[in-house]
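Trainee: Line by line, the protein sequences are chains S, A and U.
My numbering applies: residue 1161 is where the first sequence begins, and numbers increase by one.
My numbering applies: residue 6 is where the second sequence begins, and numbers increase by one.
My numbering applies: residue 2 is where the third sequence begins, and numbers increase by one.
Just so you know, these hints were derived from the structure itself, not from any lab.
Please note: incorrect hints may appear among the correct ones.
Said to hold, decoys possible - Computed cross-link-like contacts, DMTMM-like style, restricted to lysine to aspartate or glutamate with a CA-CA straight-line distance of at most 25 angstroms: (1) U:K383 x S:D1163; (2) U:K286 x U:E497; (3) A:K171 x U:D141; (4) S:K1425 x A:E227; (5) A:K197 x U:E110.
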Amino acid sequence: MSDARKKYLLSLFSSILMALVIGAVIMAVSGHNPLEGYAVLITGAFGSERSIGNTLYKTAQLCITGIATAVASQGGIFNVGGEGQMYLGAIASCWLGAALNGTSPWLAIPLCLLAAILAGALYAWIPAILKIKLNISEVITTILMNSIAIYFCTYLANGPLKTTEKGIVSGTASLDRAFRFSRLIKGSNLTQTVFMIAVVTLLVWYLMSRTTTGFGMKLTGENSRFARYAGLNAGMLGILGMLISGAMCGMLGMFECFGLQTRFKTDFSNEFYFDGMLVAMIMQYRPLGIILMSFFFGALKIGAVSMQSQTGISSELILIIQSVIIFFMAAQEGLLASLGRHSSARRANRMRGGVKS
Amino acid sequence: MNLGTIFSLSTLLNTVNTSTIVILAALGCLMTDQAGIMCIGIDGMIIIGAFAGAMGSWLCGSWVMGLVFALAAGLLSGLFYGVLVIRYHSDEFIIGVAFNLFAQALTTFLLRTLIGQSGSFHPTTGEVVKIPVLQLGRVGDTQVQISIMVLLAWFLVLAMWVFLYKTPQGFWLHASGEHPESLRSVGRSPEKQRYFASLGCGLLCTLAGAYLSMGYLSTFTENMSASKGYVAVACVIFGRSNPLIVFFATLLFGFIEAAGLRMQGFIDPTLTATFPYVGTILMMVFLALRQRTRRGHRAAK
Amino acid sequence: MSQEVTPVVSMRHITMQFPGVLANDDVSLDIRKGEIFALVGENGAGKSTLMNILYGMYTPTDGEVLVRGERLFRFDPNEAIRHGIGMVHQHFMLVPSFTVAQNIVLNTEPRRGLFYDFRRANQIVEELVQEYGLAVRPTDTVRDISVGLQQRVEILKALYRGADILILDEPTAVLTPQETDELFDVIRSIVRIRQMTVIIITHKLNEVMAISDRVGVMRQGKLIGVCQTCDVNERILASMMVGKDVLMEPFIREKTKATEPALVVENLSVLDNRGLPAVRGLSLKVFPGEILGIAGIEGNGQSELAEAVTGMRHVQSGQIRILNRDVTGMDPAQIRALGVSHVPEDRIQTGLSGKSDIVDNLVVGREKEPQFSIRGFHLKKKRMKEYAEELSANFDIRGGGIHTPTQSLSGGNMQKVLVAREFSSGSRVMIISQPSRGVDVGAMDFIHRQIMEKRSEGCAILLISADLDELYRLSDRLCTIYEGSITGEFDPSVTEKREVGLYMTGRGEEAGHE
């Protein structure tokens, strides 16, 4: 194991430890017993068949969104817009699905999946092309596009695409029973989609780390000028990363609606993408790390739900812990980088986009 | 659709009120940009300010205390950002994004766990005392009223412009971002300038947040910043850190939002809610295209 | 000439340890009042570090500094300025968007109440111009003035703060020969008129001989020796700098017999980043097995020429043919595929990916070849590692194994990675820009040998450099470039360097030849 990797693992584990300590402090300050809180966290994640199912599904969710963040980052574009891409994928597939009600699932499901992928990829393509051609910061565009997507889909679900079924206040038409993915463990969120998520995650991981395409993306993401000089098509590779990322998010949108909901509902997501994005940031966009740590964070998230209902400690604590981990790791990494810095070349400011001379 | 409804006085007032949040936050972001450590965590600072302001106002029964709480939170936030980015050389982009998520989670957590409510803060006893509003009489059938924060914001825009372009301190701040070593070589610490910018950013952004929960709206709601922080960042980029142009950009944004509200009569409100965000993106595209043609023939491929 | 014996500056047992690098190793040095002292050494010898300590930009790990007998207790530019020390850095400490006046009075701005008194600032600069005879315009924006003028602003900045000990760090690196002469005149006059002491850091030995009274040589952090300039010559200084007798032996060469040029540039016009013409109607030919040297001072279009030929810059008009194919307008990928490799000027930003490890940097561009990937898709990681090990051994790349991120390597080793990659790709045409810039003499010799070997393999090499010695050693034919055009073509074996130097500055007519 190389020196750099050892340092990284040390930094990771010490940051997690520190963050858990801070979590305990926060619990204590708000009048709760930290030990009790953490204990419920564990039982909440693994205590019953149902909760294990939920944990596994959450792990899968984090994997796909985390890898989606990572693949875009590898190409040099930071995708903060996965939530929006997920929404568009969801509504596109639900709309198509409802339209195909009555047809064979072997026809409908692949078509709906395709719709989800295309919708997500297209929505990701917009900020990607703006970044590549006009150097507009993708962080701002993707975040703003999240809001646009959510509002727009809400509008569609309550307006033009609203179902005519009785008693439904908002949402698209119900999907044919035959189209829905069934649960593997009764009462839990673990649906058949978990297999597909696993396949997709592994495929993208393979692409990222073992292929010439992934190799090209990596080098493009690190130094696009160098990539061009070396003969790589930097623009295309960057966009490819975003397209794959958007496609994955769109897919998740479809899986959620076809698996856990019966239609497109405007509240089908609870910031699922951001959870995965945080894991990716903590694991510094390394695919293997993301897959492994998805389990750890998945357990935390599911456990937190029980923690909230049993002890009253809000589940937002997990997000707090995650961001604290990032703070610690960013500080350690920054410190290391500044010690080992060679040239005085100033770090290119990612936000600027060529505005200042 | 009657143009008169869009360009009416009440739209104008709405524009002014909405944009005040963004202008204050943009001024804060602008300071850090001048210092070379542009903070994109301002969305988080706004939420923290909104929470602290609402809490302070409710707890102490006065809007002044609300502002004090918010500003204190601002100093802490600014210090936090400053230490991580300046002392520990962390990547300001990662810290910014993480801070936004952190602030969102923290304020939601505090509302739910400490106060025991969720969604929105509805005090059972007492209330969130709002920042005073100046009543300027009636024009037609519209009551003209503007918050004192609006006036403060406009004053700060001018003050910032004077500071940056007409005082030596403004030049130091700019030098610390454009060429920190030159400042160091004449014996002034660029790091101190950056801390100054961080703290200033924290103060201004939490002030924006305080206005949000104690003026524009009347209580704290989870996630209430609604990505306005990112809009502010876009305005700073658009205005190239010139306070006057940034101010113009925020007014533009405010206008689009206000016009959207106006159009809710005949266009679905969720659709009009997208307008400000679409507008911001279009603004950035416009800027980028103009830059491109100004540079003329792009020599390097 | 120095008059007194007590030194105006005394640095005693200075040691400076950076993480991983011992920049100054127990250096003791005395400077006498009123002298011009040259501090020489190769890149990385520690000269800049030493002077930065004197100016208070760094705090030494050990040792002390005395100025006029008074010990410096704090290392801080303010302290240095208080003691009358001023420094003109190699990379100017000027804020590009500020005016000349604003830069000169930075941190000591005249005020009217709370506000900046711009008028008074301009006045101050006018007064300085009168006093020292260094002409600059206070209202010019620094970004828009020439490098030579920028340097004058830096000097005025130091003089304004009352410096009478002036440190100049590689001042001539960015100047034309004419500007260098002007600078030296300025130095001589301020030393004479104001009894200033000047310390000049340089690696250009001919300049040392021209301007200094005494010279100190540093190597690998140590001060090797201090001599009176009149007692030494360039050869002696060079061997002190390198530690061995360095003879840049000329290579024995066989002239190429090829008749078809491998690289043809016809009437090429290219714009620079500001949209102004950088290359104007330039034509040249390079034959297989020959090295065509392009001699020119930075900023005369060479960078743009190299970028255009390698597909990194848009061509306005003209044609480029490589191995008989028209490549005008092709992108770098296509050009490389024809068998072209490129050693870029800007090694670190353009030529390497700092965050990636050595393996990735060595393989990039060739990952789709059958030896590295199955069907151009699946990477053969093991083979990539083996290849990296091979090249590391052949090119003596050191710094921690093939999985080390390139940015953690020393400058010299980073160069080697780049050279290893570009020289091992079996190319038929090579574009090499400033190969030995920032490289020490040992590595430079190694690179030169690699270039000669490629030449004997039949490669056509376009060698762009500002170093005439290097060009003379390597080139078969030599062209000078000035303001975007070829101004002359020479045979290095018969033409004097002085004449080529004149053509480099556009003054070829003075040579009295056509």
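Trainee: Please go over all the hints and tell whether each is borne out by the structure.
Mentor: Now the hints, each set against the structure:
no. : hint             : result
1   : U:K383 x S:D1163 : holds, 20 angstroms
2   : U:K286 x U:E497  : holds, 23 angstroms
3   : A:K171 x U:D141  : holds, 18 angstroms
4   : S:K1425 x A:E227 : holds, 21 angstroms
5   : A:K197 x U:E110  : holds, 18 angstroms
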